[in-house]
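Once you have looked at the hints, place chain L on chain Z.
Number of protein chains: 2
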Amino acid sequence: MMRTIGIVMLLSASLCLAQGSGDFKPASSNVLDAQFPQVDSSSRVQIRFRAPDATKVRINFWSGEKADMEKQPDGFWTFTTKSMAPGLHYYTIVVDGAEVSDPGSTAYFGGSKWASAVEVPEAGADYYLPKEVPHGQVREVWYHSSVTGTWRHALVYLPPDYDAQTKTRCAVLYLQHGGGENETGWIRQGKANFILDNLIASGNTKPMIIVMANGYASRAGYVVPDLTGKPFGSPEFTKVMQERMSAFEDDMTQALIPFIDKTFRTIPDRDHRAMAGLSMGGMQTFQVTFDHLDLFSYIGGFSGAGNPFLAGNNKFDVKTSYHGALADPAAFAKRVHLLWIGVGTNEPERMKTGLESLHTSLDEGGVQHIFYESPGTDHEWQTWRRDLNDFAPRLFQPVGQQSRVDHGR
Amino acid sequence: MMRTIGIVMLLSASLCLAQGSGDFKPASSNVLDAQFPQVDSSSRVQIRFRAPDATKVRINFWSGEKADMEKQPDGFWTFTTKSMAPGLHYYTIVVDGAEVSDPGSTAYFGGSKWASAVEVPEAGADYYLPKEVPHGQVREVWYHSSVTGTWRHALVYLPPDYDAQTKTRCAVLYLQHGGGENETGWIRQGKANFILDNLIASGNTKPMIIVMANGYASRAGYVVPDLTGKPFGSPEFTKVMQERMSAFEDDMTQALIPFIDKTFRTIPDRDHRAMAGLSMGGMQTFQVTFDHLDLFSYIGGFSGAGNPFLAGNNKFDVKTSYHGALADPAAFAKRVHLLWIGVGTNEPERMKTGLESLHTSLDEGGVQHIFYESPGTDHEWQTWRRDLNDFAPRLFQPVGQQSRVDHGR
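Keeping their order, the protein sequence lines are chains Z and L. With the numbering used here, the residue at position 377 of the first sequence is 1594, and numbering never jumps. With the numbering used here, the residue at position 98 of the second sequence is 1315, and numbering never jumps.
Note that these hints are calculated values from the structure, not bench results. The structure displayed is predicted, hence computed values, not measured ones. In this text, a Cβ means the ideal position worked out from N, Cα and C, and glycines have one as well. Hints are not guaranteed to be accurate.
[To be verified] Okay, the calculated bits of chain L under chain Z, using three or more residues with CB under 8 angstroms as the criterion:
#, region
1, 1262 to 1275
2, 1339 to 1353
[Said to hold, decoys possible] Calculated lysine-lysine pairs in the BS3-like style (CA-CA distance at most 30 angstroms, straight line):
#, chain 1, residue 1, chain 2, residue 2
3, Z, 1242, L, 1456
4, Z, 1447, L, 1447
5, Z, 1423, L, 1384
6, Z, 1288, L, 1273
7, L, 1447, Z, 1273
8, Z, 1273, L, 1283
Excised from the complex, chain Z in its bound form:
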């Protein structure tokens, strides 16, 4: 069924291409008063960037077009994209070889820097927009971690009425960003707070606390080597990533969770604790939760789940991976209330194959789980917004009902 929807949406996008209405308006992701980027009702994006003395200026959509921009007589360079999928698209501009952000865009932390992005609205979808419903608060907290030896910053979403209902305790979802992003991603890019506000207001999602930590951690005393010229996948990069994954796991279980349970009115047991993450955050989720099934009972991997560092290029074996945590499907189903994995149908082949093969392995191994495909979206935030919108209503429901929750999307 999901696949059918996907094809219809993709066809609609193609039809739009032919129309090209040209009613361009400043994007909702722009900074105050910035006239560009603009988006039209055909989901085309216009970029305009001032570089009067440059020889060559290129647009670089990370999951989209990469092309030369056109120089205008007024010193600005312009580019208009084809129709884009809905969602938030990261981009940078390359000015005579310098890869920089667009000053017209809000800065979103991605690619290990404060990058640009443009929001392309999704027709008919308002589940991630602020609406006239009670709003939760997002809190910034600082906790001292004995693992890293530093003060660490995290964001915490508290549901509406958390302050008013001082006797109520809440379940907690730990929700992680992707590689090159940070703890701000799920709020700034993902709109997780508005998604939860709207879900809770609709009555089918339990009010919950969401904790968003920084997924990069280094043990006290560990000196991160300079990774200049060491790309993703190189042994040096992988070693740093493994070291950080392990430090993050300890920071989360030894410092963050105790801090959250002490600071907020949580229900501090495994039945009321979930973890999910996107891409790198999904890998972290699998590592942390399968190592600590005493702490978690709901697990979500968004466009990233099986850990290539543990299992070799996303190869996953139900019997042996994660210390055999899934080896006995019946015991696993009793213990883990929800195992949820998802991927966008337009994600790069490597990502799709990884998740699909995980899905197949789980099916073949008899491990109950949900496999969700986001139609027409890439390895980008619209996929992960949809993931959260499908995942969150399934959490902390009466046991056995997680897979039957249908919130009408």
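For chain L alone, kept in the frame of chain Z given last:
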């Protein structure tokens, strides 16, 4: 006394110049893993920026050096500053005419865009750093404003123990950013939360709530004209600013304050409500508080106070300005518990003159107030961190003790 300290500090900075130890380390304001910018113990800053095909790359410290950077054989451009004053210095890089941010820097909202900045430590000063003291939380809130017809975003600092002591109510300081900045400035750039954590822990500052709103507001239906090519000071720019000042005043008094008093455990009266702001935020503070002395009794203007739009080029007349709110000094002193203005000794002449002439006018008019000079700092955040550190301990103290508070700095 302040002036003397200022001179000593400036001399020290000059002496450091001669030493130039060259022990450069990545700045604390860098993004994770970024090796540049770097700062050495002589407060010199090294910038390194990749632009392999550029013809000309310039460094642009907004309150500092503006110069050509030097091309290196590896495609990077480098520049080393002279010794800089302590604090957070905004800068941009100009690549063949394109003014852009440095991807190595955290993005700070300034100059109406997400700009770069480098933190130069102040020897011996740790009042704005996170320490082993109880930490307050910073909350993000969204409130619907009937004035603007939109959801508006604000940050709220709550003191340590706010959650635990559910019977305690707190006084509130409304604290505004400067022109071209937004509601994130006082936390990201200003470190207001750490300043308050440390002041409260020291025992001489009342635990208080700080509300940081976005100083830009437009009435529902108002269409902001395109200000391209209309600089600060032009009639078009001024008209928009006046319209926004007025919309902000109504938003603050009609939407924000009622929302805050409804949402948090405040003491909702004028004796427990303060307002302060920097630069444009100082002008807004004077306008809002003098129009609403029924709402506020503590007033702070940091490097900006007398409103040039109301009084003509910062000319201020005690008898007539602000509808005569200060015309009767005795009545004013009874009603307003603290009037505090401050300026950095290295600020541009226009700023200094404005504040000094306001100080003189207030003195001559017999209006009780505090005039604080931050030694050796410019129209930058180190001045405003010091301002807050001096201002906050004077708030909400027993009447008449505001000017006698001495917190050992």
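- Could you work out which earlier hints the structure fails to respect and list their numbers in ascending sequence? 4
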